[in-house]
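> Heads up: the protein sequence lines correspond to chains A and B, in order.
Just so we're aligned, residue 1 is where the first sequence starts under this note's numbering, counting upward by one.
Just so we're aligned, residue 1 is where the second sequence starts under this note's numbering, counting upward by one.
Computed Cβ-Cβ distance ranges for the label pairs, DEER-style:
1. Asp16(B) - Ala32(A): 34 to 42 angstroms
2. Leu343(B) - Ser4(A): 24 to 32 angstroms
3. Gly13(B) - Ser4(A): 26 to 34 angstroms
4. Asp71(A) - Ala132(B): 32 to 40 angstroms
5. Ala128(B) - Pro270(A): 52 to 60 angstroms
6. Arg149(B) - Glu148(A): 46 to 54 angstroms
7. Ala19(B) - Pro230(A): 48 to 56 angstroms
8. Glu148(A) - Asn21(B): 23 to 31 angstroms
9. Pro188(A) - Leu322(B): 39 to 47 angstroms
Now the stretches of chain A that chain B is said to cover, found in silico as 3 or more residues with beta-carbon under 8 angstroms:
10. 1-15
11. 239-248
Think of the hints as simulated: they come from the structure by calculation, not from any bench.
Glycine included, C-beta positions come from ideal geometry on N, C-alpha and C.
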Amino acid sequence: MRHSIRISVGPAHFRIGSDWREPLAQLAALYATYPSATGSANATVHLFAARPWRRFLRPAVHIGGDFTIPDALPLPLSMGLLAAEMAMNLQMALGWRRHMLLHASAVERGGRALIMSGQSGSGKSTLAALLGESADWRLMGDEFTLIEPLSGDALAFPRPVSLKNQAIAEMTARVAADRFGPLLTATPKGDIRHMVPRANALAAMRRPAVPALILFPRFGADVAVQRIGPSELFVRLTEASTNYALLGEPGFASLSRMVQTVPALAISYPDSASGLALVEQLWAEALA
Amino acid sequence: MSAVWTLIDLLAGRRDPAALNAREWEGVISVARAEVLAATLAERLADAALPGDIAALFADLRCAAKVQQRQALWEAEMARRALEPAGVRFVLLKGTAYAAAELPCAAGRQIGDLDIMVARDDLDRAEAALLAAGWEWVKADPYDDAYYRTHMHELPPLIHQDRDRMIDVHHTILPLTHRAKPDAAGMLARATEILPGTGRWRGGAVTEGAGAEEFNASTMRDADSDPSDPCGATSPFRGGFLRLSPADMIIHCAAHCMADGDLAGGLRNLWDFHLLAEHAERSSVQAAAERHGLGPAVARAVRLADALYGERSLTLTTADRLFLRALTARDDWGRPTRPFTRLAFYIRSHWLRMPPLMLARHLWVKWRRGSNGP
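Next comes chain A alone, as it looks inside the complex (with noise of 0.2 angstroms):
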């Protein structure tokens, strides 16, 4: 392809393959401070010209790669950088196979990870990105949670954070103004802007944590705190999971073992600071 780029996250080494220079441009420089690729990547994406003219006509960015989706809709080539975003996750979703990929959030403390799942405008993501602003936590992710079928182990999967709507001014007003991508307006997600996470998230990108809370946030409620089962516990996961049942009988051990082992909880909260706050006193309790 005409422009191409290697970044790496966690576990995962992307080439990205453009047609045009800009949102390689803008990926390599939301990228900047990550520890640069080495070795050959495991996951190839296409942003491209569906026709040749649409490279400078309307310019419509398609994704693609490894794998694809058929009907994917293309984005406006000012949106270049979600799109690089989306094929990333997408290459992720659809083709690993290393570990159990959770649609989950995760922070670290004291190598044990907090996980957090829900739909999105759940919080998970707001949550995440809060805690890993605080000195206490490290960042793993706000979108996946890799989980190693044989340890159990949690690992990083820590993209720059996708800050959507109101959660942007929430964020930048406590974060440095050059850890931001650029604003990205009425986008089919609303405004989205990415911000890079915390050096620490990213010098320990590839260091594992054992699960230890299991959290189902839920934004715009009273404070309230639900048990949940294992039983229920492993329905909600293999929801959550993008490859569980390409996994095969280790995802299915895998998953038995997590449900059986760590507590999980389904959450409400009404702001970010309750949230926040409940998260902190949920974890002192779970660790005690």
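Got chain A; can you put chain B on it based on the hints?
Quick look at chain B alone, frame taken from chain A:
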């Protein structure tokens, strides 16, 4: 050298994997994924000294393929439980047959749908039994449905409502409208039970001729016997399925890649062919192919497999070179190239499949509906 030829040379054993640099590996892997040969390459190079990141990726691919094959064999078992009580005799075809028979080409081979063959007289009973056991029609379109039933070599595809897996029920190996008319009844009559394997995937060569009674099958029991295998993918296969005779299997493989379709997946299909036919007695397979009207298809597959993966001792025709151009039309990112060559082979695939007037009518209906179909 282009990535696609590096991949071919690695499979053929003509290239030393230790001599590849990191960038070359990336191209090889992208092309191998696009040609669904990535896990095959990973199995082929399982004992080679490889860079750490490549070795780790190949271990992932081998695991994923073993899990997938296990699921494919389970699907065959599900079909048996549906068809056996109805008294329908069926033969496993393609990938599932290779995996069940533990043939060398099964190592790392991707398996999508379950392909089986039944006698044409058994089609109605097979269909009823599968529908009763939870399979459902994929296509509701009456034109497509009628087209399949009148002109194709298989029932319209069925998907199981719970497991979401597709089954293709064939009653012969080529569309009925195809110029070649293989002897499906003879193939079914010669089909034999798959015996549990006696050799091994790796290192175990197929020594007996395919014209002979039985393949010296190799096993998947590398995984069975090793409790530390991270894939944990033991085979659910306990014997008892039917497969085509070795010669018919080779002929079907050639028909599938040379006489039907537009060469999509051709490198993989010719790899299958190469390993199936490698030690077969060429003249007896060729004679059998002539009886099915598939002599030219098998002869071409022999020449192309030789040019790609073999000794390169056979003389290629001009048309063969065009086939090779189409088969190797990928760039180092795994993307298709040579659009005109590809288009030509797409047109050829329809030309072979049906007489011109019928083709015109079919394309007209398809164009008006704007849908994809057979």
